[in-house]
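Novice: Residues per chain, in single letters:
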Amino acid sequence: MNMQLLIQLLINGLIVGALYGVVAMSFVLIYKATQVVNFAQGEFLLIGAWVCWGLLTKYQLPFWIGMPVTLVFMLAFGVALQVLVLRPMIGEPIIAVIMVTIGLSTVFQAALKWIFGTNLQPFPPVFATQTVSLLGLQIQTVYLMSLAVSLAMMGAMAWFFHSSKYGLAMRATAFDQQVAQSLGISVKSVFAMAWAISALVSAVAGVVVAVVNGVSSGLSVYGIKVFPAVILGGLDSIAGAVLGGIIVGLLENTAHFVDSQYLHWGNLYEIAPFYVLIIILMIKPYGLFGTKDIERI
Amino acid sequence: MAMQSLLPAGDFRTTYADDTVVFPTTTGRTAALAAVALLCCAPLVLSQYALSILIQIGYLSIAALGLNILVGFTGQISIGHAAFFGLGAFTSAYLSAKLSVPVFFAIPLAAVVTALAGLVFGLPAARLKGLYLAIATLAAQYILLDFFSRAEWFTGGVVPATAGPFGIFGITLQGDRQYFYVVLAYLVLSFVLVTNLMRTRDGRALVAVRDHYLSAEIMGINLAKYRTLSFGLAAFFAGIGGALYAHYQGVVSSEGFTIDRSILFLAIVIIGGLGSVMGTLMGAVFMVLLPEAMEAISALLRGGAIDQALALRNNIAFLREIAIGLVIVLFLIFEPDGLAHRWARIKAYWKLYPFSN
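Chains as they are written, first to last, in numbering that gives the first Met the number 0: chain A, 0 to 296; chain B, 0 to 356.
I should point out that these hints are in silico values taken from the structure, not numbers from a laboratory. For glycine and all other residues, C-beta sits at the position ideal for the given N, C-alpha and C. Be aware that one or more of the hints could be misleading.
Said to hold, decoys possible - Residues from chain A that keep clear of chain B, each with C-beta distances beyond 10 Å, as calculated: (1) P124; (2) G183; (3) F288.
Claimed, not checked - Computed list of lysine-lysine pairs in DSBU-like fashion (alpha-carbon distance at most 35 Å, straight line): (4) K224/B x K128/B; (5) K187/A x K31/A; (6) K291/A x K164/A; (7) K291/A x K187/A; (8) K31/A x K283/A; (9) K128/B x K291/A; (10) K31/A x K112/A; (11) K31/A x K128/B; (12) K187/A x K128/B; (13) K187/A x K112/A; (14) K291/A x K31/A; (15) K128/B x K283/A; (16) K31/A x K224/B; (17) K291/A x K224/B; (18) K164/A x K283/A; (19) K187/A x K283/A; (20) K283/A x K224/B; (21) K112/A x K57/A; (22) K164/A x K187/A; (23) K31/A x K164/A.
Whenever a hint applies, use it, and build me the whole structure from the sequences.
Specialist: Quick look at the structure:
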């Protein structure tokens with residue numbers, strides 16, 4: 000048994016899993032606040048990454064200007080999307096809402112390929128040093144950055160929901176829209192805010208992945224990987240989403256290890272989370288931390 | 000009530016038999032028969048290209064009809080329909096090429112095999128609903144696609160599987176012109192079958208499950224049974240569509256059954272009209288003609304300033320994808336009941352003319 004490879008893969012899994020966790024968190028944010036399952040979450044990452052890439056390479060902006068501009072753009076984009084497309088869908092059946100986000104993801108996917116091309120584009124280097132030495136191990140700076148950013152995003156989200164006025168308003172809206180409205184919370188602006196924050200957080204994750212791996216349309220696969228993560232954690236639990244993301248990241252890499260060392264099936268890495276998803280749905284349909292929906296006749 | 004050529008103003012349905020009648024007027028029945036007769040003549044006059052579009056509409060609308068039973072009539076969401084379409088295609092190719100079953104029998108056999116697979120994947124549907132089901136079918140899509148690329152004995156793996164031309168007992172059909180009649184026969188058969196299914200007790204049970212599943216259960220409808228059954232039915236028609244596709248193309252590769260095609264099926268069903276049999280056909284016609292229209296528009300603009308600025312010719316594939324996505328979004332916002340509803344509105348307008356608004 001190849002211990003070194005296993006440890007390497009587990010660290011990989013943790014780093015990728017933390018990113019899955021961040022994306023899953025922003026997915027759950029939208030679901031919790033507005034009851035919309037966003038199939039275009041992966042495209043949020045892609046848009047953020049491409050916009051930042053465009054600002055940095057086409058307009059030659061430094062990273063510390065390009066990144067805030069990207070974030071402001073994503074905020075505006077999230078609000079615009081909610082107001083123009085999702086607001087008319089309030090009260091429509093679930094299939095219609097799902098299909099709208101699927102349609103949006105198709106549009107974004109194709110439009111981005113049109114504008115930026117289909118090739119993988121390397122991201123301009125953000126850090127001066129490539130590797131740092133930590134506890135005797137050589138670790139790439141970007142991986143450390145990735146993990147640090149993920150943890151920071153999670154921390155910021157936790158603070159937002161527990162201590163800020165808007166976070167509390169959002170939680171109140173998620174709990175009961177009518178009661179929230181009668182307490183003077185503007186449900187409309189909470190909905191818009193949820194989409195804006197979700198787009199912003201996803202864009203940060205997108206830029207992080209882009210810095211590590213470069214930008215290409217394959218990035219939107221994160222939007223699909225989110226599903227096993229959120230089902231594992233429970234669709235309406237933010238902590239569950241983070242945990243689910245990390246578990247899926249670790250699981251993928253463990254599957255990769257088992258596959259490369261013993262089974263030699265190939266491609267198990269990509270498909271394993273979906274088998275786990277089906278199994279979870281059969282045993283525990285509401286995930287680890289999700290709210291159980293009890294029905295009696 | 001005797002059959003009339005035109006419906007009188009007002010609704011005169013007084014019995015259940017009236018309510019479930021397929022053609023309320025003789026005009027409607029004549030029009031349907033005339034349309035089929037007209038299509039029978041199509042191969043004699045139409046070009047090869049127009050014929051290929053009609054065949055495409057044929058197999059896509061059969062598969063989409065299955066999805067409409069599931070999504071439109073039973074209210075279950077499936078994002079994995081293309082995988083079942085693919086399973087039908089591969090099974091028919093496998094049966095005809097490897098086991099040398101005549102294609103005439105291979106197509107229905109493939110449909111039965113696909114229906115069984117649909118029942119298996121439908122089992123979780125007995126417990127899940129809404130979102131969770133949508134995500135489960137998404138997983139089914141990826142798992143089946145992975146199976147296609149893995150099972151070389153079945154699908155040929157990287158090398159596309161070959162599917163022989165349609166034939167039985169030594170008689171082999173040659174070319175699109177003859178194959179068109181096979182697709183047409185299956186199309187008419189499927190639509191008659193589903194229209195009649197919806198008039199039976201089982202069909203009404205499916206609709207009851209969609210409208211209010213708790214009330215349906217109270218009325219004695221076995222939810223688990225009908226949810227699973229609708230998955231089986233959906234897969235059955237997907238299997239027929241897929242098998243027809245396989246023998247039309249001649250080769251089958253798993254690249255044709257990605258999630259994009261699942262989205263296409265959903266788009267057909269939504270644009271045509273959820274829970275409308277004829278709407279499915281309208282939706283299929285719309286979605287097949289949409290790329291052609293995009294092509295025509297870009298050909299029209301060729302060489303102009305817009306073409307220069309956007310490089311339309313190189314990006315026609317993206318333009319097509321954008322059009323599909325945009326059409327889905329716009330239909331859901333502005334015409335959520337689809338083309339079938341619009342058609343009904345147009346009919347109602349002329350029925351009440353000049354007092355309609």
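Novice: Hint by hint, say whether it matches the structure.
Specialist: Checked hints:
Look at P124/A: its CB is around 30 Å from the nearest CB on chain B, clear of 10 Å, so calling it non-interface holds up. For G183/A, the shortest C-beta to C-beta distance to chain B comes to about 30 Å, beyond the 10 Å cut-off, and the non-interface label holds. Its beta-carbon lying about 15 Å from the closest one in chain B, F288/A satisfies the requirement of being farther than 10 Å from that chain. Of the supplied pair hints, the one linking K224/B and K128/B holds, its CA atoms being roughly 14 Å apart against a limit of 35 Å.
In summary, the hint linking K187/A to K31/A is supported, as the alpha carbons are separated by about 14 Å, within the 35 Å threshold. Using a Cα cut-off of 35 Å, the hinted pair K291/A and K164/A holds, with the two alpha carbons roughly 28 Å apart. Restraint check: the Cα-Cα separation between K291/A and K187/A comes to about 27 Å, which is no more than 35 Å; the hinted pair holds. Proximity of K31/A to K283/A is assessed by CA-CA distance (about 19 Å); at most 35 Å being required, the pair is judged to hold.
Distance restraint check for K128/B and K291/A: the Cα-Cα separation of roughly 13 Å lies within the 35 Å cut-off, and the hinted pair is therefore satisfied. Of the pairs offered as hints, the one joining K31/A and K112/A holds, with about 31 Å between alpha carbons and a cut-off of 35 Å not exceeded. Only pairs whose Cα atoms come within 35 Å are accepted, and K31/A paired with K128/B is accepted, the gap being roughly 18 Å. Note on K187/A and K128/B: the hinted pairing holds, with a Cα-Cα distance of about 28 Å set against a maximum of 35 Å.
Taken as a hint, the K187/A and K112/A pair is honoured in the structure, with Cα atoms around 33 Å apart against an allowance of 35 Å. Taking the CA atoms of K291/A and K31/A, the gap is about 14 Å. The hint holds against a cut of 35 Å. With a C-alpha separation of about 14 Å, the suggested pair K128/B and K283/A falls inside the 35 Å cut-off, and the hint holds. Our distance criterion of 35 Å between C-alpha atoms is met by K31/A and K224/B, whose separation comes to about 32 Å.
Proposed proximity of K291/A and K224/B is supported: the alpha carbons are some 23 Å apart, at most 35 Å. Restraint check for K164/A and K283/A: satisfied, since their Cα atoms lie roughly 34 Å apart, inside the 35 Å limit. A distance of roughly 33 Å separates the Cα atoms of K187/A and K283/A; the hinted pair therefore holds under the 35 Å criterion. The straight-line distance between the Cα atoms of K283/A and K224/B is roughly 21 Å, inside the 35 Å bound, and the hint therefore holds.
Under the criterion of a C-alpha separation no larger than 35 Å, the hint pairing K112/A with K57/A is consistent with the structure, at around 16 Å. Straight-line distance between C-alpha atoms of K164/A and K187/A comes to about 16 Å, which keeps the hinted pair within the 35 Å bound. Taken as a hint, the K31/A and K164/A pair is honoured in the structure, with Cα atoms around 17 Å apart against an allowance of 35 Å.
Hint check: no violations occur; every hint is consistent with the structure.
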